[in-house]
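2 protein chains.
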Amino acid sequence: MVVNRVLEVTLVELGRVGLERLSVPEVAERAGVNKTSVYRRWPTKQHLVKAALQQSMEATTRPPETGALGSDLASLASSLAEFITSPTGLGIVRTVMADGDSAEAKALTATMWRGPARDLPRAALEQAISRGELKPDTDVELLLFTVAGAIMHRVFIERARVDDAWLKRLVKLLSEGAGKKPGRHHARSM
Amino acid sequence: MVVNRVLEVTLVELGRVGLERLSVPEVAERAGVNKTSVYRRWPTKQHLVKAALQQSMEATTRPPETGALGSDLASLASSLAEFITSPTGLGIVRTVMADGDSAEAKALTATMWRGPARDLPRAALEQAISRGELKPDTDVELLLFTVAGAIMHRVFIERARVDDAWLKRLVKLLSEGAGKKPGRHHARSM
DNA sequence: ACGCCTTTGCAACTCGAAGTTGCGAAGCGA
DNA sequence: TCGCTTCGCAACTTCGAGTTGCAAAGGCGT
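Those protein sequence lines, which keep their order, are chains A and B.
Going by my numbering, the first sequence wraps up at 337, each residue one higher than the last.
Going by my numbering, the second sequence wraps up at 337, each residue one higher than the last.
These are computed hints drawn from the structure, not numbers from a lab.
One thing to keep in mind: the hints can contain errors.
For chains that are exact copies, the list does not tell them apart, and a pair is met inside one copy or across any two.
Below, simulated PhoX-like cross-link-like pairs (lysine-lysine); rule was C-alpha separation at most 20 Å, straight line [as the list claims (entries may be wrong)]:
hint : residue 1 : residue 2
1    : K253      : K197
2    : K182      : K253
3    : K319      : K282
4    : K253      : K282
5    : K192      : K319
The structure presented is a predicted model; accordingly, all values stated were derived computationally and were not measured.
Hey, can you work out the whole structure from these sequences and the hints?
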């Protein structure tokens, strides 16, 4: 089918040139398809991008990816990093962040974070809590988002590689914290 | 002068509609200026945006803003949040992240993170270390970037408010860590 | 094989926004 | 007043997005 090839190319293009410079005719050409065929299914660039992102979310969150983690913080961060740096992830993040129109973007974001994509990492962290690796009162969602945010900053702002060494530092910071606790009287967690 | 008004409007527009939908003629109209006057100074949209971002960086990093912090983690996070959620910050982040062309974007990012914008928070954190509020071996840059990344995720992905309550949770996570070991033996996270 | 329906390719078209140009009118310092 | 620069204005060119009509496949049941 033409559909899959076009959507796949769309994702790659999103990650490559961003939403701004994404051209429907060019996507068609790279997919080896006439632009008319693309326009008939997806009237505008926005529709095409939306479809591409939605399919990729369904495709990548069903099986493993974000979910195939050993369920400690390190492997969770690793999985998240792998997802964000994938063509799909690059396209999604770039697109969602670039679009100031909150209506579309917010709906898309909501779609993204429903289902396995949200529940699996969450469950993994809660499992880590019950295994005693994390504090019982850990703010799971915040921790998850902070990892994602740090990776995003690394990729999009610093434009540096997300390698194991860096991930290790990130995990260390998030698990141990930066505050100087040892040897102080300190208002312990409630 | 016309210049200042145009660049200011450009920043606001960047934060409002993003780079994708930013229109030079519309910027001109909102600034109460003829589009020809804009085009004469800045040949293309890219030039205009670049100029607007550069000026705003110079304007916002000289005096207080990111630097006017009481120098502990909480006020640093607060300052960073204020900057990122400002029209300027929104415009910068959106633009830099949306542009897949690494040449332009990377140069811009490099420009942004040079000078006071980079040094002041860094100095603040190191000061906090010497005051004994943070661990001596704290990864200052990583901590700084993680705070920024978390805020970005909050603003652009979750699209939720960055208020004091949330900032407090973030600071708590980053200073105490999520790992279950109150300062006992050393770094052995994985 | 036949007809039927849908999908695709192709080329020519419309349309609107981006960016250009020439000229005339202000502004402003000497 | 002169001379230089900057701005407004309107008409223009250009280019890419999206459209349309038609013909050529392709799939599918009979």
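Consistency of the hints with the structure:
Taking identical chains as interchangeable, the C-alpha atoms of K253 and K197 lie at most 20 Å apart only when both belong to the same chain, with a minimum of 12 Å there against 27 Å between chains. Taking CA atoms no more than 20 Å apart as the test, K182 paired with K253 passes in neither setting, with 29 Å inside one copy and 32 Å between copies. Taking the shortest alpha-carbon separations for K319 and K282, both the intra-copy value of 15 Å and the inter-copy value of 13 Å come in at or below 20 Å. For the identical chains of this complex, K253 and K282 are neighbours neither inside a copy (32 Å) nor across copies (39 Å), given an alpha-carbon limit of 20 Å.
Taking the shortest Cα distances, K192 and K319 never come within 20 Å of each other, neither inside one copy (42 Å) nor across copies (42 Å).
Consistency note: the structure conflicts with the earlier hints numbered 2, 4, 5.
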